[in-house]
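Novice: This is what each chain is made of:
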Amino acid sequence: MVKSFNSEEGNVIDGIDLKVQQGEVVSLLGESGSGKTTLARLIAGLEVPNSGEIILDGQTVANASTLVPPQNRMVGMVFQDYALFPHMTVLENVSYGISNNEGKENRAKEVLILVGLQDFGHRYPHQLSGGQQQRVALARALAPKPKVLLLDEPFSNLDASLKRELRSELFQIIQKSNVTALFLTHDTKDAMAVSDTIVVLQNGSVVQSGSAKELYDIPMNVYIAALFGPIVRLSAEDLDCFNYSADESKTYAIRQNHFKVNKKEFSHSTKVTVEESTYLGSSFLNSAKLPNKKKIEFVSLEKMQDTVLIGFETGTLMVF
Amino acid sequence: MFNLKSLKRDTNRWSWYTLFLVGFVTLPLFALFIRTFSGPGESWSHLMDTVLVGYAINSLLLVLGTSFFSLLLGISSAWAVSRYRFPFKKTLEWLLIVPLTLPSYIMAYAYAGIFDYGGAFSVFAKALGLGYDKVDILNLPGLIFILSISLYPYVYVASRAVFLYQSSRLIEASSLLGAKESKTLFQVVLPMARPAIFGGLLLVVMEVLNDYGAAKYYGVSTLTTGIFRAWFALEEPNTAVFLSIILLLMVFTFVVLERWQRGNRSFQIATKSDIRLQPIHPSKRKGVFLFVIASTPVFLGFLLPLFQLLKWLGITWYKTSSSDYIRIALQSMGIALLSAVLTVLVVLMVIYFPKWNRLKILKGSTSLATLGYAIPGAILAIGVMLPTLQIDRWLLKLSQSVNGSDFGTIFLLNGTIIALVYAYIIRFLAVGFKPLKGSQLKLGESLSESSKLLGKSTLKTFFKIDAPLLKTGILSALLLVFVDIMKELPLTLILKPYDVNTLAVKAYEYASDELIMESALPSLTIIIAGLLPILFLNKLLLQDSRSTKEKNRRTIH
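Residue numbers (this note's numbering), protein chains in the order written: chain A, 1297 to 1616; chain B, 92 to 648.
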């Protein structure tokens, strides 16, 4: 699929091909500008693709000649700002999208129970906390039983402490309701915590997709490697210091926490001069110089100073 | 990229409605341009040789002079009330907007009285021992004075907003760096506020070029009064059209200049803040000086002319307060209300139809809403006159060929209320568009998008979500347009049906018939009608900002 807003600025979505299984929870991981929001809006029908095709549950909703309007797509969406209707109560908000008139109230109550807000039906959105508002938004999106649920950065408005609690809560609810969900985030930890599959987007294209473990262990490139934790890039000359003969044409990197300190048995090790050791709570982040004056950072459990021996296991070195 | 298949796919009914709307709004302009191809009227070359340059120079001098004095009055008073604390500041802050309720032609009539024999000025001069009996202000400088004191509020409103909210952090930073107030004003605030202030000034310029009543009464021949002469006295529509084109070119030159000076204004948004600037306490003597600065525009632009009109009202009350007056007042308000309601409806269509349409080329047509306000009323009236006359001729021919009967010269559009209301809608689209578009932007897209994703149709979404949440915006738009239509003169003069009269036209007729004292009653009625909604709107807008603040506070917690 291809989408551009302005032909001079290039494509926002540049040839994405993505398949999601029924009932799967997929994270779309990418920085702002990676095209994840545009992709979600294309699926929802809020944007029109330039070319390509979108198929929902066997039905073509967008291609060169057809375009099903958003109201007929059965796509649910939880907006970044929740977009709760401020002039309606929680119950009215949740009932809004349910088409079946007789079952309306039952279904609304059912979803409110699912999100644990059965006692808040008569309140107005502004009388709720941020977390509660988010659950109402989720309940409202789930109420009409959508084919796909889109969640656009649902945690970006919340405090870090609240976020972890809500994250697991939110995804328990999603798992319980058995809906196919696409979760948009720029936070790798969020993506790793909640989804079966992570799709990494960069500049409107899919860079790599797979389970969290696959992406962490076998990243396709340095960008993805860095996305899943801080890394240190090493040149062939740097690796020489570690007694490792590198191929000049390749790129090497290692995670900061894969350096091991004072382990004589590693064949690939070198002496470094520690310049600074910063306390991080459970560990120390050290800034040090290799014998060739290149600056690197590594993690240790104790405070480091002066000259120490660091090394790595061959398996932890990432080669691209 | 052009693709017939996707063109067909993306065209929906809103695309057609948008196209129709574009036609509806631009028809008068098209009519004018098409008419220019029939060449100018007989007197055109004569006009060119004699008065045309004079008309243009007068218009230009009016624009320049009024701009200068509006900037002076507007900026100084805005700086005083937003930066300092002094007696009656709160009241003055509000009163400084009030001269907008006095249309410039009424201001012109009142001041003709003030400077006449035995008027307020001669009484004042005598008390001071000066020997002035009468000052002649029925000339170009006089007109510049009139237009400046009635139009400076546009500059005041724009400047005050920037001073209070957009530049407050910069003013504080400048003071902390030890800069004197004057340095802060001239080196930090004014350069930064320039785009916004010039935006307000553009409204002043448009009003100056729109003015007919004041210029006519003061005997200053401008391009606008020239159009009237060509139309009514010379009876040469083609000459009027040619003059209109020249005036339009002038207007658009100013519009382009304003756009150009605005350039890259992103630096303003970066410093925008909700925290109001804290005013400083000046010394007593300075406080008095500031009071004078802030109260002079109010005195000149509202209190003094109001006093003059009330004095006249006392003299002529028994004559003018007839059943005829009540009939005209009701007629005036009826037309204004009807037109305001229709204008707001069209504004909503102009905002929503292009949005609902999926064709990118039509998305931008929303900006057409602001077109009408740039076109002076007299020109718009002619632009409406031309096509409605033509349509009436066709209809007449059609009915004759169908019925074979002759209806005589009964026109369905031209010279009827329909043409008048149509012109009002186009002219005041921009007035209603501003508050409504503002409310709509504040509302954001996600609410209506949510509604659509929850299976509701476009129209249902509008009525259940947008409309109830836009209530304040809709009401504000309605009131603002209503007041502006009540005040409107040049367009009404050309397009009003024979048997219909408005208060504005009545005031103008009295003044033209040398019955200037009698114009007090209709003038004061217009002022009161203008004051009441502004009082109401003030309250309404304050409530609105309070409730959004409440909302913001809640979402933070």
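Read the hints as simulated data drawn from the structure, not as lab findings.
Mixed in with the good hints there might be a few duds.
Here are the simulated lysine-lysine pairs, DSS-like style, with alpha carbons at most 27 Å apart [stated by the list, open to error]:
1. A:1599 - A:1589
2. A:1400 - B:99
3. B:180 - B:377
4. B:533 - B:446
5. A:1443 - B:562
6. A:1405 - A:1485
7. B:551 - A:1443
8. A:1315 - A:1567
9. B:377 - B:451
10. A:1315 - A:1589
11. A:1441 - B:551
12. B:562 - B:551
13. B:377 - B:454
14. B:525 - B:562
15. A:1472 - A:1405
16. B:181 - B:375
17. B:96 - A:1315
18. B:525 - A:1400
19. A:1405 - B:551
20. B:446 - B:525
21. B:451 - B:99
22. B:488 - B:525
23. B:454 - B:375
24. A:1441 - B:99
25. A:1546 - A:1567
26. A:1405 - B:555
27. A:1315 - A:1485
Novice: If a hint holds in the structure, say so; if it doesn't, say that too.
Specialist: Hint check:
This hinted pair checks out: residue 1599 of chain A and residue 1589 of chain A have alpha carbons roughly 21 Å apart, not beyond 27 Å. Only pairs whose Cα atoms come within 27 Å are accepted, and residue 1400 of chain A paired with residue 99 of chain B is rejected, the gap being roughly 37 Å. Note on residue 180 of chain B and residue 377 of chain B: the hinted pairing holds, with a Cα-Cα distance of about 13 Å set against a maximum of 27 Å. Under the criterion of a C-alpha separation no larger than 27 Å, the hint pairing residue 533 of chain B with residue 446 of chain B is consistent with the structure, at around 16 Å.
Restraint check: the Cα-Cα separation between residue 1443 of chain A and residue 562 of chain B comes to about 35 Å, which exceeds 27 Å; the hinted pair is violated. The hinted pair formed by residue 1405 of chain A and residue 1485 of chain A fails the criterion: a straight-line CA distance of about 33 Å is larger than 27 Å. In summary, the hint linking residue 551 of chain B to residue 1443 of chain A is supported, as the alpha carbons are separated by about 22 Å, within the 27 Å threshold. Straight-line distance between C-alpha atoms of residue 1315 of chain A and residue 1567 of chain A comes to about 49 Å, which puts the hinted pair past the 27 Å bound.
Between the alpha carbons of residue 377 of chain B and residue 451 of chain B the distance comes to roughly 57 Å, so the proposed pair goes past 27 Å and is violated. Straight-line distance between C-alpha atoms of residue 1315 of chain A and residue 1589 of chain A comes to about 47 Å, which puts the hinted pair past the 27 Å bound. Restraint check for residue 1441 of chain A and residue 551 of chain B: the C-alpha separation of about 20 Å stays at or below 27 Å, so the hint holds. Of the pairs offered as hints, the one joining residue 562 of chain B and residue 551 of chain B holds, with about 16 Å between alpha carbons and a cut-off of 27 Å not exceeded.
With a C-alpha separation of about 53 Å, the suggested pairing of residue 377 of chain B with residue 454 of chain B is violated against the 27 Å cut-off. Restraint check: the Cα-Cα separation between residue 525 of chain B and residue 562 of chain B comes to about 14 Å, which is no more than 27 Å; the hinted pair holds. For the hint pairing residue 1472 of chain A with residue 1405 of chain A, the CA-to-CA distance comes to about 16 Å; that is within 27 Å, so the pair holds. Restraint check: the Cα-Cα separation between residue 181 of chain B and residue 375 of chain B comes to about 17 Å, which is no more than 27 Å; the hinted pair holds.
Between the alpha carbons of residue 96 of chain B and residue 1315 of chain A the distance comes to roughly 26 Å, so the proposed pair stays at or under 27 Å and holds. With a C-alpha separation of about 39 Å, the suggested pairing of residue 525 of chain B with residue 1400 of chain A is violated against the 27 Å cut-off. Pair hint residue 1405 of chain A plus residue 551 of chain B holds up; C-alpha atoms about 24 Å apart against a cutoff of 27 Å. Proposed proximity of residue 446 of chain B and residue 525 of chain B is supported: the alpha carbons are some 16 Å apart, at most 27 Å.
Between residue 451 of chain B and residue 99 of chain B, the direct Cα distance comes to roughly 13 Å. Compliance with the 27 Å bound is thereby established for this hinted pair. About 41 Å separates the Cα atoms of residue 488 of chain B and residue 525 of chain B, which puts this hinted pair outside 27 Å; it is violated. A distance of roughly 56 Å separates the Cα atoms of residue 454 of chain B and residue 375 of chain B; the hinted pair therefore is violated under the 27 Å criterion. Simply put, residue 1441 of chain A and residue 99 of chain B have alpha-carbon atoms about 31 Å apart, too far for the 27 Å limit, and the pair is violated.
With a C-alpha separation of about 24 Å, the suggested pairing of residue 1546 of chain A with residue 1567 of chain A holds against the 27 Å cut-off. A threshold of 27 Å between alpha carbons decides the hint, and for residue 1405 of chain A with residue 555 of chain B the separation of about 22 Å falls inside it, so the pair holds. Note on residue 1315 of chain A and residue 1485 of chain A: the hinted pairing holds, with a Cα-Cα distance of about 23 Å set against a maximum of 27 Å.
Checked against the numbered hints above, the structure violates hints 2, 5, 6, 8, 9, 10, 13, 18, 22, 23, 24; every other hint is satisfied.
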